[in-house]
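Chains as they are written, first to last, in our numbering: chain A, 1 to 439; chain B, 1 to 352.
It is worth saying that the hints were derived from the structure and are not from the lab.
For every residue, glycine included, the Cβ atom is placed at its ideal position computed from N, Cα and C.
Any given hint could turn out to be false.
To be verified - Label-pair ranges, simulated between beta-carbon atoms: (1) A:Q135 <-> B:K147: 16 to 24 Å; (2) A:R118 <-> B:G194: 23 to 31 Å; (3) A:A26 <-> B:A64: 34 to 42 Å.
Stated by the list, open to error - Covered stretches of chain B (in silico footprint by chain A; criterion: 3 or more residues with CB under 8 Å from a CB of chain A, positions within the stretch not fixed): (4) 147-156; (5) 171-184; (6) 266-275.
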Amino acid sequence: MSHAVWAPIVYGRTRRVDSWWRTLPAGLDRDFANDVVRAATAGGRALERGPRLVLAQARRARIVGGVCLASELSDTMHRDEINRPLYCFVGWAALERETPPDVPSIDELTQGFADWARPVYEHWMGLDWDLHESQVTGPHTSEPQPPPWGASAQTPPQIGLEPESPPWRQTVAWPREQAAEPWNLLRARRRPGLVVSGWQRLADADVPAGTWIVCDEVTHQRVLDTPASESWLERGSRGARSQPPPPVREDDGRDDEEGDRRSRRRSRTGRSAPRARANSRAPERQPSHAREGAAGRRAPSSRPESREQRMRREAWGRAGQLPPTDDDLDAAAARDAPEDDPSARADTSRRGRRRGGLIPHSLPDPVRLLGSVIDILRGPEPPAGSDPHPDPHPDPDPDPHPDDTPPGRETHPARQPPSSEEHDDLEPWARWDDAPPRR
Amino acid sequence: MSATDQSTSLDGAPTVQVTMLGARGTGKTTYLLGMYAEMSAGVEKYFMTSDPGTHLRLTTDWDALMEDGLLPKGTDKSQTYQFRFRYGMTTLLELDWLDYRGGAITSVDVDPSATQVHERLAQTDSLYLTFDGALLASVLAGEAKGKNQLKYAVSLYNNLLAFASDRRREAGLVQPSIVLLVTKSDRLIEYLSGDSEERQRKVVDWVSGQFEQIFEPGCDVAVCTVSLGELGREPEKVEPAVVDPARVHKPMVFTLFTWYRRQAILFDASAEAVRARGQRERQELSATQAPGIKRFLGRKRANELTAASERSGEEAALLAQLANECWARVRVLEGELQDVEMFIDGQPVGVA
């Protein structure tokens, strides 16, 4: 079938404007198109060695095309205004019909891509190439046309359901010699998928989970490590961009309240499906939106977290916050004061706080009444300084030595630099400088 | 990150968010390559690492520049990098670095992160505002186009700074440190008289004069000029022999210096607050220690207060230790910033 079903798509920035979509057909899901193109462009990496070819299918669309340096398609429109080389994606999109339209084989596309793409690029990029940013309002709409590969496209090979066929939702790599396999598998199936062929190194293939790639560095077909999260295919099959579920983590029984708070603070929205680092030797890093906040992140070890570790983590979880002010401390003191001691509430100074009431406020009133009677009978309070419960960790020296402090520290006199005995407990690299501080 | 990296962290190591903004072609990605090349090699036993894939990509691109003179291409998407900042083999903190696509702030046609720029700014701990030295050179040369472009950039940055400041303040967070980063500073040589220090002084005065409102208490600012060598005007390829990175790691050192300093202040203040709380708990505990029936009635409360007081003591000690560690790092990092024009809490602390 070769009637007009394939509409050109062109993705590439202009000379003056950092805007990338030049043309798309009406009705093509933009998120799907974005995911496909960005999986192949990979920021323009490693295109000097040749184009990368793409076949993508969603529920209702197919895209076939390639990414290359713009200089391969145009002699004039291939560098931006500060002379940087440009890259682009040129392809064709078909909105799904009852019978999916023919797609060229990988060999046909390899042979014909540059010749097919050149006039498409020249036409659509030429419309915007020299426009001012204010004049570039969005992609043009392309119309379906007969495909450039004409009616001579090879009939997709009939492929049965092989038990050993690769998992559809995993990232799989094939060597260059087997480039036709994933291509033909996808051609023969009416299900979502993405094949990007033409990588030289796995490290360059920054692709979403679930992508099939063809890479020179791979010697045999294998599944690559991916995060245990939703593949873009699942998201695409629902027809809407949504957040993937967070990855399953080890449960070490820790209270995640701080982690949740940190996570809310650090939330990121709208990212695409997590991308698989096509390096099977390294476990995948969790995507930022699925990561807990800094306070919640922990090593994958099964060792339970010690109390000190937890305290440190919670302390660091407050990183970035403003220090408590005097008003904050006074308010905290007022909250801490027992309910039955109005004198304690009245005196809200940070130092010299009066002793609280005798009876805890948690006890019932009759008991408090008895306590009040006893209070009257007990006599005067012990003298100041005779605290039977001294602070086990007293502040070493409340008075600062400004000459030893780094810039700004003199405004916060709560601490002084540790003595030489103390800094033996610090990390071995920590050294107090004998030189006078900068102003 | 490799499993080895993760197993040697973390003990609650925090994440520092860095966002780098700048118009297209200002050299953000090139700067990142140079910065990572320097920091991954190490500065005073501090160094940065990343996962193997990222490390390979960044170092490969840097090698391409150094050996073949290939500059990075303009990218179609903003890129986030995860780095680890270490001392020796110990991970101190994680860095979440966002290299914003030049047109992302004004265009939403492709990069979904463009719509989250404001959300990101509210969470950013250190904000890099990039100025193209070539643009400043055109302003110095009296070109009207350059002046207009500079005004546009300053206007945009002011807007984003105000937004970030408001959001951080609402959230009870310290203001982000700001790096006014002048890239391609080699392009200014022919327009500024004097020796290297004098030219730097002029650039600092000029750039900082564009953002007078950020030099106030609570704000830490550095003006950093960086260069990769005299690469020429918009070359297709650069001559590898002229690639000579200068000062590219200084902005990162400043970010870490101010961040640790702010944490040290926070920990100091928190330790004091916890000590005060412990003092109150001990005072209340004493109140329950009365003879006879009062001691019986207050036993439960006394037990609670004893435990609370012990916890407060532990917490205060830990906070004090953390403050100590942060101050120690501040002093070490400060040593690398002797030639950087800094403003801490709005006050100049830099090259005389």
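Outcome of the hint check:
| no. | hint | verdict |
| --- | --- | --- |
| 1 | A:Q135 <-> B:K147: 16 to 24 Å | 22 Å, holds |
| 2 | A:R118 <-> B:G194: 23 to 31 Å | 52 Å, violated |
| 3 | A:A26 <-> B:A64: 34 to 42 Å | 40 Å, holds |
| 4 | 147-156 | violated (count 0) |
| 5 | 171-184 | holds (count 4) |
| 6 | 266-275 | holds (count 9) |
In this structure, the hints that do not hold are numbers 2 and 4, in rising order.
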